[in-house]
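Since chain V is already given, all that's left is putting chain S on it; use the hints.
What follows is the residue order along each chain.
2 protein chains.
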Amino acid sequence: MNQQIRTIADLDRVIHEPGRLMIVALLFAVERSDFLYLQHETGMNKGTLSSHLSRLEEAGYVEVTKTYRGKVPQTLLRLTGAGRKAFEEYRRKLRKAL
Amino acid sequence: MNQQIRTIADLDRVIHEPGRLMIVALLFAVERSDFLYLQHETGMNKGTLSSHLSRLEEAGYVEVTKTYRGKVPQTLLRLTGAGRKAFEEYRRKLRKAL
Numbered sequence: 002m003n004q005q006i007r008t009i010a011d012l013d014r015v016i017h018e019p020g021r022l023m024i025v026a027l028l029f030a031v032e033r034s035d036f037l038y039l040q041h042e043t044g045m046n047k048g049t050l051s052s053h054l055s056r057l058e059e060a061g062y063v064e065v066t067k068t069y070r071g072k073v074p075q076t077l078l079r080l081t082g083a084g085r086k087a088f089e090e091y092r093r094k095l096r097k098a099l
Numbered sequence: 002m003n004q005q006i007r008t009i010a011d012l013d014r015v016i017h018e019p020g021r022l023m024i025v026a027l028l029f030a031v032e033r034s035d036f037l038y039l040q041h042e043t044g045m046n047k048g049t050l051s052s053h054l055s056r057l058e059e060a061g062y063v064e065v066t067k068t069y070r071g072k073v074p075q076t077l078l079r080l081t082g083a084g085r086k087a088f089e090e091y092r093r094k095l096r097k098a099l
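Chains as they are written, first to last, in the working numbering: chain V, 2 to 99; chain S, 2 to 99.
Simulated from the structure, these hints should not be mistaken for laboratory data.
Check the hints yourself; a few may be wrong.
Said to hold, decoys possible - Straight-line Cα separation of at most 25 Å, SDA-like style, residue types lysine to any residue; simulated pairs:
#: 1; chain 1: S; residue 1: Lys97; chain 2: V; residue 2: Ala10
#: 2; chain 1: V; residue 1: Lys97; chain 2: S; residue 2: Gln75
#: 3; chain 1: S; residue 1: Lys94; chain 2: V; residue 2: Asp13
#: 4; chain 1: V; residue 1: Lys94; chain 2: V; residue 2: Met2
#: 5; chain 1: V; residue 1: Lys86; chain 2: S; residue 2: Pro19
#: 6; chain 1: V; residue 1: Lys97; chain 2: S; residue 2: Val15
#: 7; chain 1: V; residue 1: Lys47; chain 2: S; residue 2: Ala10
#: 8; chain 1: V; residue 1: Lys86; chain 2: S; residue 2: Gln4
#: 9; chain 1: V; residue 1: Lys97; chain 2: S; residue 2: Arg93
#: 10; chain 1: S; residue 1: Lys94; chain 2: V; residue 2: Arg14
#: 11; chain 1: V; residue 1: Lys94; chain 2: S; residue 2: Tyr38
#: 12; chain 1: S; residue 1: Lys86; chain 2: V; residue 2: Thr8
#: 13; chain 1: S; residue 1: Lys47; chain 2: V; residue 2: Asn3
The shape of chain V in the complex, shown without the other chains (with noise of 0.2 Å):
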């Protein structure tokens, strides 16, 4: 196995799902934002982005925050530094192998 293909094969599967990129590339931006402004910038739907949440919630690289803005609940989500740091290593893996 050649290096290119070891640095493919070795890629983070959690971050490479295009669902989840979009999410963590979004989040790497900001400094926290909110569940409907991931819906509204992701255009999918709640299941949908509840599930790709609790998969990076898992892997340690998301937290969630539930709250209150005023009487209404809010969701706030931030990338954690370990999720800052796998995005990075993502982005440098594949800028290598492509």
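The following block gives chain S in isolation, referenced to the frame of chain V:
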């Protein structure tokens, strides 16, 4: 949806899948390859590799030729013009998005 996110959303899923990305990257670098070489280079088992190649063939990205080397059956794989173009486009988009 911002431009970066739209670019990620529009990525060619046939090529984006890591197994197929390995195959396409390998075939992009050579004129043609036989099945066993691809199997060795990707580390995939026969079934997985066949399944990815079928998907690439359906998309018109890979041409599969069954032939003989002496009396031994041989399967030759080649990236089509459309496949080369799709890979270049995929690479261009991904670089732009990341």
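Measure nothing beyond the straight line between the CA atoms of V:Lys97 and S:Gln75; if it is 25 Å or shorter, mark the hint as holding. violated (33 Å)
Regarding the pair S:Lys94 and V:Arg14, is the alpha-carbon distance no greater than 25 Å? holds (19 Å)
For the pair supplied as a hint, V:Lys47 and S:Ala10, is the alpha-carbon distance within the 25 Å limit? Roughly 17 Å separates the two Cα atoms, so the pair holds.
Below or equal to 25 Å on CA atoms is what counts here, so check V:Lys86 against S:Pro19. holds (21 Å)
Need the status of pair V:Lys94, S:Tyr38: alpha-carbon distance at most 25 Å? holds (24 Å)
With a cut-off of 25 Å on the C-alpha distance, tell me whether S:Lys47 and V:Asn3 pass. holds (19 Å)
Are the Cα positions of V:Lys94 and V:Met2 separated by 25 Å at most? Measuring from Cα to Cα gives roughly 16 Å; hence the hint holds.
Can the restraint linking V:Lys97 and S:Val15 be considered satisfied, given a maximum Cα separation of 25 Å? Holds, at roughly 21 Å.
Hint consistency between S:Lys94 and V:Asp13 [alpha-carbon to alpha-carbon, up to 25 Å]: Holds. S:Lys94 to V:Asp13 sits at ~19 Å (cutoff 25 Å).
With the threshold set at 25 Å, check whether the alpha-carbon distance from S:Lys97 to V:Ala10 stays at or below it. holds (22 Å)
Are S:Lys86 and V:Thr8 close enough, with their CA atoms no more than 25 Å apart? The hint holds at about 22 Å.
V:Lys97 paired with S:Arg93 [C-alpha distance capped at 25 Å]: With Cα atoms ~13 Å apart, V:Lys97 and S:Arg93 stay inside 25 Å; holds.
Against the hints set out earlier in the document, a violation occurs for number 2 only.
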